[in-house]
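Here the structure of chain X is known, so what remains is to put chain A in place on it, guided by the hints.
Here is how the chains run, residue by residue.
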Amino acid sequence: MIQRLKNLSPAFFLIVAMALLATFNFQKPRILVLHSYDPGYAWTRDVDVGLKRVLDKQIGLNVRWHYMDTKRHPAKDFRAKAGVIAKQVIDSWRPALVIAIDDDAQSYAAKDYANTPGIYLVFAGVNGEITPYGYDTAPNVSGIIERKPLHALKETLLLIAQKNQYPERLKIVHIGDTSDSVMADEMAMREFDWSPLVRLDSRLVEDFAQWQQAVWQANETADILITTNYRKLSRSSNDKTLVPPEEVVKWTEENSRRPIIGTNGFFVEEGGAIAVGASGYEQGEIAAKLAIDFLQGNLKWGTKRIVTPKQFVLFIRSKEVEKRSLKIPALHEAFAYALGNYISE
Amino acid sequence: MTVTYSEVATRLRLDAAFADARHEDLARLLTHVQFQKYGKGEKVVSAGEPAENLYLIVSGEAQLQGAATARTAVNDRFGEEAGVDTPKYLFDAIANSALEVAVIPRSALTRLYRNAPTVKDRLYVALLGRSASAHTAVPSIQTPPAVSHIKTTEFLGWMTTLAIPAALLVLGPHDALPWSSVVFLAILSATVLMWAFQLVDEFIPGLFALFAILITGLAPPSIALSGFTSEGFFIAMSVLGLGTVIVASGLSYRFLLFLLNKLPNRPVFHDLGLVVSGTLLTPMVPSINNRVTLMHSFMTDMIETLGHKPGSRAATRLAIAVFTGVTVLSAVFISSKSPNFIIYGMLPPQEQDRFQFTYWVLAAALAGGVMLLAYFLASLWVYRHEKQAALSKEQLAAQLQILGPMKNREWAALVGIATFLFGVITASLHHMQPPWLGMAILYALLLFGFLRKDEFKEKVEWPLLVYLASIIGIVATFNHLGLDHWLSGHFGVLRTYLGSNLALFILVLFAIMFLVRLVIPISASIVIFATALMPLSESTGISAWVIGFIVLSLGEFWLFPYQCSYYLHMRSLNQGKSLYDEGQFLRFNVLMNVFRVVALLASIPYWKSIGIL
Chain X
1 MIQRLKNLSP AFFLIVAMAL LATFNFQKPR ILVLHSYDPG YAWTRDVDVG
51 LKRVLDKQIG LNVRWHYMDT KRHPAKDFRA KAGVIAKQVI DSWRPALVIA
101 IDDDAQSYAA KDYANTPGIY LVFAGVNGEI TPYGYDTAPN VSGIIERKPL
151 HALKETLLLI AQKNQYPERL KIVHIGDTSD SVMADEMAMR EFDWSPLVRL
201 DSRLVEDFAQ WQQAVWQANE TADILITTNY RKLSRSSNDK TLVPPEEVVK
251 WTEENSRRPI IGTNGFFVEE GGAIAVGASG YEQGEIAAKL AIDFLQGNLK
301 WGTKRIVTPK QFVLFIRSKE VEKRSLKIPA LHEAFAYALG NYISE
Chain A
1 MTVTYSEVAT RLRLDAAFAD ARHEDLARLL THVQFQKYGK GEKVVSAGEP
51 AENLYLIVSG EAQLQGAATA RTAVNDRFGE EAGVDTPKYL FDAIANSALE
101 VAVIPRSALT RLYRNAPTVK DRLYVALLGR SASAHTAVPS IQTPPAVSHI
151 KTTEFLGWMT TLAIPAALLV LGPHDALPWS SVVFLAILSA TVLMWAFQLV
201 DEFIPGLFAL FAILITGLAP PSIALSGFTS EGFFIAMSVL GLGTVIVASG
251 LSYRFLLFLL NKLPNRPVFH DLGLVVSGTL LTPMVPSINN RVTLMHSFMT
301 DMIETLGHKP GSRAATRLAI AVFTGVTVLS AVFISSKSPN FIIYGMLPPQ
351 EQDRFQFTYW VLAAALAGGV MLLAYFLASL WVYRHEKQAA LSKEQLAAQL
401 QILGPMKNRE WAALVGIATF LFGVITASLH HMQPPWLGMA ILYALLLFGF
451 LRKDEFKEKV EWPLLVYLAS IIGIVATFNH LGLDHWLSGH FGVLRTYLGS
501 NLALFILVLF AIMFLVRLVI PISASIVIFA TALMPLSEST GISAWVIGFI
551 VLSLGEFWLF PYQCSYYLHM RSLNQGKSLY DEGQFLRFNV LMNVFRVVAL
601 LASIPYWKSI GIL
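If you're matching them up, the sequences are chains X and A in order. Note that my numbering gives residue 186 to position 186 of the first sequence, counting from 1, and the numbers run on in steps of one. Note that my numbering gives residue 532 to position 532 of the second sequence, counting from 1, and the numbers run on in steps of one.
Please keep in mind that the hints were generated in silico from the structure rather than gathered at the bench. Worth double-checking, as some hints may not be accurate.
[What the hints assert, rightly or not] In silico DMTMM-like cross-links for lysine to aspartate or glutamate, where the CA-CA straight-line distance does not exceed 25 angstroms: (1) X:Lys240 to X:Glu254; (2) X:Lys250 to A:Asp175; (3) X:Lys300 to X:Asp77; (4) X:Lys154 to X:Asp201; (5) A:Lys88 to A:Glu42; (6) X:Lys250 to X:Glu333; (7) X:Lys57 to A:Asp353; (8) X:Lys319 to A:Glu231; (9) X:Lys304 to X:Asp91; (10) X:Lys304 to X:Asp48; (11) A:Lys608 to X:Asp77; (12) X:Lys87 to A:Glu538; (13) X:Lys319 to X:Asp293; (14) X:Lys250 to A:Asp484; (15) X:Lys57 to A:Glu231; (16) X:Lys250 to X:Asp38; (17) X:Lys310 to X:Glu155; (18) X:Lys28 to A:Asp175; (19) X:Lys240 to A:Glu538; (20) X:Lys52 to A:Glu202; (21) A:Lys459 to A:Asp76; (22) X:Lys52 to A:Asp353; (23) A:Lys608 to X:Asp112; (24) A:Lys608 to X:Glu129; (25) X:Lys76 to A:Glu538; (26) X:Lys250 to A:Glu42; (27) X:Lys28 to A:Asp353; (28) A:Lys608 to A:Asp353; (29) X:Lys52 to A:Glu538; (30) X:Lys87 to A:Asp353; (31) X:Lys81 to A:Asp76; (32) X:Lys81 to A:Glu42; (33) A:Lys608 to X:Asp38.
Here chain X stands alone, though its shape is the one from the complex (with noise of 0.2 angstroms):
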């Protein structure tokens, strides 16, 4: 009998251990990461580093990253099976808890769970207001809007103005292609007191034809120009194939004759002289912070918090400024220096 017992005890060993790493593994709060766009999107990136900055620091999470890659493939049917995907994805996981980051994570996926009991919605990168998905009455969701940061984009303006001897009423124009995003930062524009700026109407525009014809237009109206995005331009009205943006880039920084400003930092990516973004570390942590207070019962279900953006970053490529002589306060060189985001190639 002793030496039955004694003969069964590895087989003893082996289901206590998988009993007890199976409840483990089963306890492990589970985390979504739902992206709209592609991990080599510099928005992205950033936004994943500020993620990772705060989840990396737990021990026993399980997190999944899920791509929907709209921004490349921006097609209304393929942002609509990119969200029949996604919510697959969550069916069969079923996290405690998803993060969705940008407006077409929210609109093509989470949404739906808003008011889901056993899911939890953290959103990072809206652009808009929350009331068109449901999470402003929504008892389990909080997040980080995303707002382009207009002050620190009009005190470099103005710096700018100043260390360029630019006219003091500086006139500035927005183009970008028509996407959700950018109407949603171009009625954020409208509505911000750009004093003693002057802002000129925006051109928001479908094609690349339609686009060089507004950078030429601005070059004798506008003082400088401001772009929000431009990945979404078709080559022409009957090629609905989509411009690289490097090529849009490089053929805006080539023809137009006044300074243009980015406000994301791809656009210095992209081959551009300067922006001023969004951080997407700031909206990355922040929803990464959100999703770790609700598993650790620090925000509870149908309590709601929604936070305001602070921070912003800076992007320069020192060959394009130098190549219009544009003078860049020196503290603005050092901060996008510090970040690593001064390209001096």
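Only chain A this time, still in chain X's reference frame:
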């Protein structure tokens, strides 16, 4: 009185010379046994004549003339010369009474020795015992020492492997690519050429690429060696371990016997039994060569048992069934061959999460189903006039009798399979990923000794794992250097078709791969095309798995034997005999290739319906 298979089965199990043989091998040996009767005084064998058969006495007595052991009786044997390396009989054997013997040919014994070499030693000792007393020297066959000669094609291969990378370094696309990328392309070209010319074993060029990448510092170890920490590596290792137990325990053989014993005794069901067995082995034995080896021995047994003439249409039909069974679904199960793991390793992380075992099978199910259905219809039509032949159910029962009741190891293999499948299906409940589940099962098999240390060392195909890991590392380095984007920029037409007309993409890719496959082996072609085309997923929005699956399926296309390593392996197992009509086999294979393309085209609406496209 007539000797029965059952009596021979008992006789084999009682014979001391066969004590170390696995029951599965004895059951297999039984299919080669013939029965003979001799009258008193009749000579069975003569000293000096070629020793072709071993004789087991089932009833009666025989006199061995010239030997110290002058008499043999029931439960003894003679003719051991056929079981060792002795070309001729040393003694006369004469029936001392009415004699009934079971005759085992030398070729069957040689096959038995692969798994039970001690049987040969025991027969040799028995023969020595007789000859020592009779002062008869036992001559042995001298094996000539192996001499390795480099063939002209190999020499040309090595010279090309030197010349092309050197040319790339000097004349490469220096304007379009940085120096580090050109150096990598030179290393990659040398690796691919070693594969293309089949200069060394498949895993060795991969190792070359890895150390060359690491020495030149083109990628850090975390990238170059990422294959060794990838999930694909651990799935493969676990499945190889489980597959070893399934095969070594005899479970797979028992299942095949059971299936043939239960199915109706008609050719179409013999085919079905072989195809189903091959199909069930497919996800559990992750090497087509190993599956071919397993099923080939059974095929030869069946050809003999059914009395088919070697090279006949009926024998060819069985050969096609065996080959189809072990190959037709090899792209459908992730664990069925090394290129599948490579494709899995190349998927973006979220597609890896999605296309685990069950979803991979689901996504590939229609293609697999079409291929199977097409095979059965084609087989029924091509062989519609074939005459009926029946297996000996008595022999099958005797073979199962030799195997005896299910052994602990077989139960362990069965429980391992069941646990793995159950674990994969219920992953959404326990959230254990298949690779780690597989490792847990591997651990359990090792813990309880069902997979022994020597088997873990020798039977788990470590070269295959090294090959797999090195390919993943090479592809990771390729992407690390940004070559994926550079290369995908050169596939304008294919990218356009991929984004707009997938059916046309399949047909165009089929045409290109057909030409490439004329010179480059299956695995290398799959790796090259997957590396080049899977990055197109990003720009077209088509699932990377779909592209990988198309490449996997089209990569298996072959017309001529030299194009298909596992067919060559099957042919080598024939040992130079024309077991089946190769021309007919190859013509049927052309049909299967056509079905492969049809299956892919038929999958397009299916993929759309389940949301993959």
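Checked hints:
no.: 1; hint: X:Lys240 to X:Glu254; verdict: holds, 24 angstroms
no.: 2; hint: X:Lys250 to A:Asp175; verdict: holds, 20 angstroms
no.: 3; hint: X:Lys300 to X:Asp77; verdict: violated, 36 angstroms
no.: 4; hint: X:Lys154 to X:Asp201; verdict: holds, 17 angstroms
no.: 5; hint: A:Lys88 to A:Glu42; verdict: holds, 19 angstroms
no.: 6; hint: X:Lys250 to X:Glu333; verdict: holds, 22 angstroms
no.: 7; hint: X:Lys57 to A:Asp353; verdict: holds, 23 angstroms
no.: 8; hint: X:Lys319 to A:Glu231; verdict: violated, 44 angstroms
no.: 9; hint: X:Lys304 to X:Asp91; verdict: holds, 24 angstroms
no.: 10; hint: X:Lys304 to X:Asp48; verdict: holds, 23 angstroms
no.: 11; hint: A:Lys608 to X:Asp77; verdict: holds, 12 angstroms
no.: 12; hint: X:Lys87 to A:Glu538; verdict: holds, 20 angstroms
no.: 13; hint: X:Lys319 to X:Asp293; verdict: violated, 44 angstroms
no.: 14; hint: X:Lys250 to A:Asp484; verdict: holds, 23 angstroms
no.: 15; hint: X:Lys57 to A:Glu231; verdict: holds, 23 angstroms
no.: 16; hint: X:Lys250 to X:Asp38; verdict: holds, 22 angstroms
no.: 17; hint: X:Lys310 to X:Glu155; verdict: holds, 15 angstroms
no.: 18; hint: X:Lys28 to A:Asp175; verdict: violated, 51 angstroms
no.: 19; hint: X:Lys240 to A:Glu538; verdict: holds, 17 angstroms
no.: 20; hint: X:Lys52 to A:Glu202; verdict: violated, 39 angstroms
no.: 21; hint: A:Lys459 to A:Asp76; verdict: violated, 35 angstroms
no.: 22; hint: X:Lys52 to A:Asp353; verdict: holds, 19 angstroms
no.: 23; hint: A:Lys608 to X:Asp112; verdict: holds, 23 angstroms
no.: 24; hint: A:Lys608 to X:Glu129; verdict: violated, 34 angstroms
no.: 25; hint: X:Lys76 to A:Glu538; verdict: holds, 17 angstroms
no.: 26; hint: X:Lys250 to A:Glu42; verdict: violated, 100 angstroms
no.: 27; hint: X:Lys28 to A:Asp353; verdict: holds, 17 angstroms
no.: 28; hint: A:Lys608 to A:Asp353; verdict: holds, 20 angstroms
no.: 29; hint: X:Lys52 to A:Glu538; verdict: holds, 24 angstroms
no.: 30; hint: X:Lys87 to A:Asp353; verdict: holds, 14 angstroms
no.: 31; hint: X:Lys81 to A:Asp76; verdict: violated, 74 angstroms
no.: 32; hint: X:Lys81 to A:Glu42; verdict: violated, 83 angstroms
no.: 33; hint: A:Lys608 to X:Asp38; verdict: holds, 22 angstroms
Hints 3, 8, 13, 18, 20, 21, 24, 26, 31, 32 from the list above are not met by this structure, while the remaining hints are.
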